[in-house]
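Undergrad: Please take these sequences and the hints and turn them into a complete structure.
Here the protein sequences line up with chains Y and P, keeping their order. Under this note's numbering, think of the first position of the first sequence as 1, with each following residue one higher. Under this note's numbering, think of the first position of the second sequence as 1, with each following residue one higher.
Rather than coming from a laboratory, the hints here were simulated on the basis of the structure. In this text, a Cβ means the ideal position worked out from N, Cα and C, and glycines have one as well. Be careful, since some hints might not be right.
[What the hints assert, rightly or not] Under 10 Å between C-beta atoms, here's a sample of chain P residues computed to sit facing chain Y: (1) MET142; (2) MET244; (3) SER320; (4) GLY325; (5) GLY357; (6) THR361; (7) GLY392; (8) GLY411; (9) VAL429; (10) ALA430; (11) ASN456; (12) MET461; (13) ALA462; (14) ASP465; (15) LEU573.
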Amino acid sequence: MNRASNLMTRGALLLAALLLSTSSLAASALEARVDGALERMTHAEGAAYLDAREELRALGEAALPHVQARFEKAASTPTLWREAAVLEAAVGWLSHPKEMSAAYELEGVQPSTYLHARIAKPMAVRELSRLGVGAPALLEVVLKGEAIYPFAAATAYPTSMPADERTRLRALEQEAVVAGAVKALGGARLRSAPSVLRDVVRNGKSTALRQTAAMALGQTRDVDAVQDLTAIATDAAQPLALREAATVGLGMHRTKASGAALLVLARNDATVQGAALRALTTWASPWAWDARGASDEGAALRKELHAQVAALSTSNADATQARERALAALSR
Amino acid sequence: MVRDVDRFGVLAVLLGVAACGEGVPNLSEAASVAQALEAPRTANIVVDTTRDGVIDGRDDVDEDAFTAERGAVLLANVDDDDGDGQRDGREPSLTHADDVLDLAPAIVRQVTGLKAGDAVRVRVTPSAAAARVRIFQLQDDMAKRLFEPGDTAGVLPVDVVAAGDVSLLVEGVSGRSTEWDGNLQLTVEIVNGGTVVSRDTASMRAAPVIFPDNLNSPRALFVQDIRTGQDNNTAFLRSLRAEMPEGVALRTHDGDRYDRDRWVQDSMETGYQLAPSVQGTQELPTYLLTSRPRPLMDLLPKELLGKDLGYIYTGGDDSSHNYGGNLEVAPPYETRTASFPFGRLLVGGGSQGTLLGVRNTEHMAAEQLAWLNAQDAQGPALELSSEWLAVGHIDEIFQFVPDRPSAARGGRAFKVVIASPQLARSTLVAHQRAGNGSSVVFRSRRTQTTVSTILNDEDLMAFNDLAQERIDGVQAVLTRALGLDASDFLEVPVLFEDAGGGGLDMAVALNPGIQNLVTLVTGEEGRLFVPDPSGPANASGRDVWQEATRASLADLDLDVVFVDVFNSYHLLLGEAHCGTNVEREPYAQAWWSLQ
Numbered sequence: 001m002n003r004a005s006n007l008m009t010r011g012a013l014l015l016a017a018l019l020l021s022t023s024s025l026a027a028s029a030l031e032a033r034v035d036g037a038l039e040r041m042t043h044a045e046g047a048a049y050l051d052a053r054e055e056l057r058a059l060g061e062a063a064l065p066h067v068q069a070r071f072e073k074a075a076s077t078p079t080l081w082r083e084a085a086v087l088e089a090a091v092g093w094l095s096h097p098k099e100m101s102a103a104y105e106l107e108g109v110q111p112s113t114y115l116h117a118r119i120a121k122p123m124a125v126r127e128l129s130r131l132g133v134g135a136p137a138l139l140e141v142v143l144k145g146e147a148i149y150p151f152a153a154a155t156a157y158p159t160s161m162p163a164d165e166r167t168r169l170r171a172l173e174q175e176a177v178v179a180g181a182v183k184a185l186g187g188a189r190l191r192s193a194p195s196v197l198r199d200v201v202r203n204g205k206s207t208a209l210r211q212t213a214a215m216a217l218g219q220t221r222d223v224d225a226v227q228d229l230t231a232i233a234t235d236a237a238q239p240l241a242l243r244e245a246a247t248v249g250l251g252m253h254r255t256k257a258s259g260a261a262l263l264v265l266a267r268n269d270a271t272v273q274g275a276a277l278r279a280l281t282t283w284a285s286p287w288a289w290d291a292r293g294a295s296d297e298g299a300a301l302r303k304e305l306h307a308q309v310a311a312l313s314t315s316n317a318d319a320t321q322a323r324e325r326a327l328a329a330l331s332r
Numbered sequence: 001m002v003r004d005v006d007r008f009g010v011l012a013v014l015l016g017v018a019a020c021g022e023g024v025p026n027l028s029e030a031a032s033v034a035q036a037l038e039a040p041r042t043a044n045i046v047v048d049t050t051r052d053g054v055i056d057g058r059d060d061v062d063e064d065a066f067t068a069e070r071g072a073v074l075l076a077n078v079d080d081d082d083g084d085g086q087r088d089g090r091e092p093s094l095t096h097a098d099d100v101l102d103l104a105p106a107i108v109r110q111v112t113g114l115k116a117g118d119a120v121r122v123r124v125t126p127s128a129a130a131a132r133v134r135i136f137q138l139q140d141d142m143a144k145r146l147f148e149p150g151d152t153a154g155v156l157p158v159d160v161v162a163a164g165d166v167s168l169l170v171e172g173v174s175g176r177s178t179e180w181d182g183n184l185q186l187t188v189e190i191v192n193g194g195t196v197v198s199r200d201t202a203s204m205r206a207a208p209v210i211f212p213d214n215l216n217s218p219r220a221l222f223v224q225d226i227r228t229g230q231d232n233n234t235a236f237l238r239s240l241r242a243e244m245p246e247g248v249a250l251r252t253h254d255g256d257r258y259d260r261d262r263w264v265q266d267s268m269e270t271g272y273q274l275a276p277s278v279q280g281t282q283e284l285p286t287y288l289l290t291s292r293p294r295p296l297m298d299l300l301p302k303e304l305l306g307k308d309l310g311y312i313y314t315g316g317d318d319s320s321h322n323y324g325g326n327l328e329v330a331p332p333y334e335t336r337t338a339s340f341p342f343g344r345l346l347v348g349g350g351s352q353g354t355l356l357g358v359r360n361t362e363h364m365a366a367e368q369l370a371w372l373n374a375q376d377a378q379g380p381a382l383e384l385s386s387e388w389l390a391v392g393h394i395d396e397i398f399q400f401v402p403d404r405p406s407a408a409r410g411g412r413a414f415k416v417v418i419a420s421p422q423l424a425r426s427t428l429v430a431h432q433r434a435g436n437g438s439s440v441v442f443r444s445r446r447t448q449t450t451v452s453t454i455l456n457d458e459d460l461m462a463f464n465d466l467a468q469e470r471i472d473g474v475q476a477v478l479t480r481a482l483g484l485d486a487s488d489f490l491e492v493p494v495l496f497e498d499a500g501g502g503g504l505d506m507a508v509a510l511n512p513g514i515q516n517l518v519t520l521v522t523g524e525e526g527r528l529f530v531p532d533p534s535g536p537a538n539a540s541g542r543d544v545w546q547e548a549t550r551a552s553l554a555d556l557d558l559d560v561v562f563v564d565v566f567n568s569y570h571l572l573l574g575e576a577h578c579g580t581n582v583e584r585e586p587y588a589q590a591w592w593s594l595q
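TA: This is the structure in structure tokens:
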């Protein structure tokens, strides 16, 4: 290598280093802005959350790798479940903005729609269950609540409607959106869903919402859900409705472990015996096992449980009836 | 000879018009004959005991008991002959000539030999009847109020009774109810001081309101006309107009006038009262206004109420279990232990909870259900599990349809078209196995999906497995109660999905509920307007769910017309039956003949 070419090579290396340095600076600046937006999204509520989310979205797809990386890291750290959920939603906004937006355009909570329905109540579950790749929006709706949902303007109600009726309907719309998101989360197959649902089961603001979350938690088929739901079902300090909803969740979980848990509940806990036996009917559904592509496994597990349920003694008429139904389902 | 006094004659007297032809009353002649027949100071009241629409000497026998053969009938005067927006029975006076036709005539025979201190009074017993009856006395071409609801007695002027027969008109202010079984004793007494000198009693009974079933010939179909918006029902109306059987009136009402409330099935249940008349029977179409505080609650009292169309309102809470879609009538049937010649009322409700096993209890409002049973004609109503449905109506599960070929063979005259998740699923499974898993279901609709997406959805399939189990339970109850067997049920493919609801998992139809069809079968034409299920297409381009439906209904020998209700009704939680209502002919048999 002669001197001239040596100089040229050194120059190219310097230039490359300079460019790399500039690029790194730019990347770290982007990451800093992303981190800032994510930090605010994690802690902010209502309009402030929406502002932070818009800030993140404005950064465009370039922000996605960093957000994705942060999500992967947070998702593997149980204590960071809340941050992980926000990050999963953020990934959704950066990768599928149109589908995510659909979560905020629900026909079923528009007065102009639901007031014409056969029962004039807002409903959101069906639409929220059909979000597809926009499902991560459910996480933020559950975490941030109704404050981030763009409900219809007051002018959307009939002018003749009394103010107190509008207020009542608005409350129902809010309830429908949040409860609908909780319920839809159960079937959304999102990594953060079990953690978010666990939180709602524990801290939800109404028993009905906690019930919905318990059922949805079972529906996630998360491995740890069996233990969580069993704990709730056996906790005498919890409302009976919630304990029974936990058994329903176990029925929807539909694994060997959840079947065994239901059997134990039916055997040992008279309070939830009937509910546990009813849940076994759900658990046993051959159509569901077929849909999972596990027909043979389902058949084997049903056979196994059938003998044990048949040997159970029941504590009341409700449980006896539930046992008959469960046995019929398990024998299919 | 005693001249007949029929209702038209009474009308002529009431209004002082010159009636012509036979049947015009001549009270003075009647009175003179009566005078010759009655002993002095003898009370005698005569009603249309023979149920031929006239009052004559034959009525004055065995008049104190109401039996299958004898006893006068009273209608609840709940129509609005003068068109003032008020039900006539709620008005204290007769305001229109036609109103008289809805009242039952009675005659107090002339009393001779009355003494000083004698009084002639008319009483109504029991007190439950007295609280619901008004009596007019016809005098000098006028109808005077003689007895008001709640009165103890009405006093007839002695000079009038002494001068001749006195014509009365008995008005049912309201009909049978939980407080009153419709039985009524009309008594005339001659009293002096505290002593009853003479007394005579005649029995009457208020007509029940009877609800026809889907086998009865249709007269008119009600539907709202909603022309704008993505949920307009233009396509549905177009099909109805094009395929309406001859002789059936299509009665549309402006949807905008009722804030686009389209659920005309829910706001009312069409029925009738029947009384004897000179022509044979007199029908007063009488609908039940259901407890449903929505815009269409005004349709019946403000638009349909009129001459010869009345209504009853029982009150109740605002549960959707009160709506008309949750009240169906099984066609007449008989089992070893029971007979229901006017069919049987079926309602939805129950305590079995949701499909996934959450506790939930729902019933029709006690007031409304009790009133239905108090009609004592089509009850007791049979409750079938519908508490697992978001709307909660039995028309989301089944409908009765005529089976004329079977009837012609001497077999059962009806079939039950019942929703079947099993059939819906098996049809899709067959389609998938034929390599069509990616076939589109609900093409171009907001809920568009594919065959495989449906079949691979574990939660959806479990939900439908449970729905099928619940429907099987409904079928079992119907089978036992109506004496049916499996061949009496025609399954049509319907899937359900979970619509949530306050910690519950309430079900709604995923595809348009095919069983929620409209049955219009006249003497000549038989047509079923069936919700188009919008299923996947087979190799020939035919909808596999439609094909399964046609196969299921084939033996009925009825035209199957698929109607588009997807955006206009289905997405709003209802289908074709929910969006329509049908007034039908009464049963051929008169209710009093089966007392």
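Undergrad: Each of the hints needs a verdict: does it hold here or not?
TA: Consistency of the hints with the structure:
no.	hint	result
1	MET142	44 Å, violated
2	MET244	24 Å, violated
3	SER320	5 Å, holds
4	GLY325	8 Å, holds
5	GLY357	3 Å, holds
6	THR361	13 Å, violated
7	GLY392	8 Å, holds
8	GLY411	32 Å, violated
9	VAL429	9 Å, holds
10	ALA430	14 Å, violated
11	ASN456	5 Å, holds
12	MET461	4 Å, holds
13	ALA462	4 Å, holds
14	ASP465	4 Å, holds
15	LEU573	4 Å, holds
Hint check: violations occur at hints 1, 2, 6, 8, 10; the rest are consistent with the structure.
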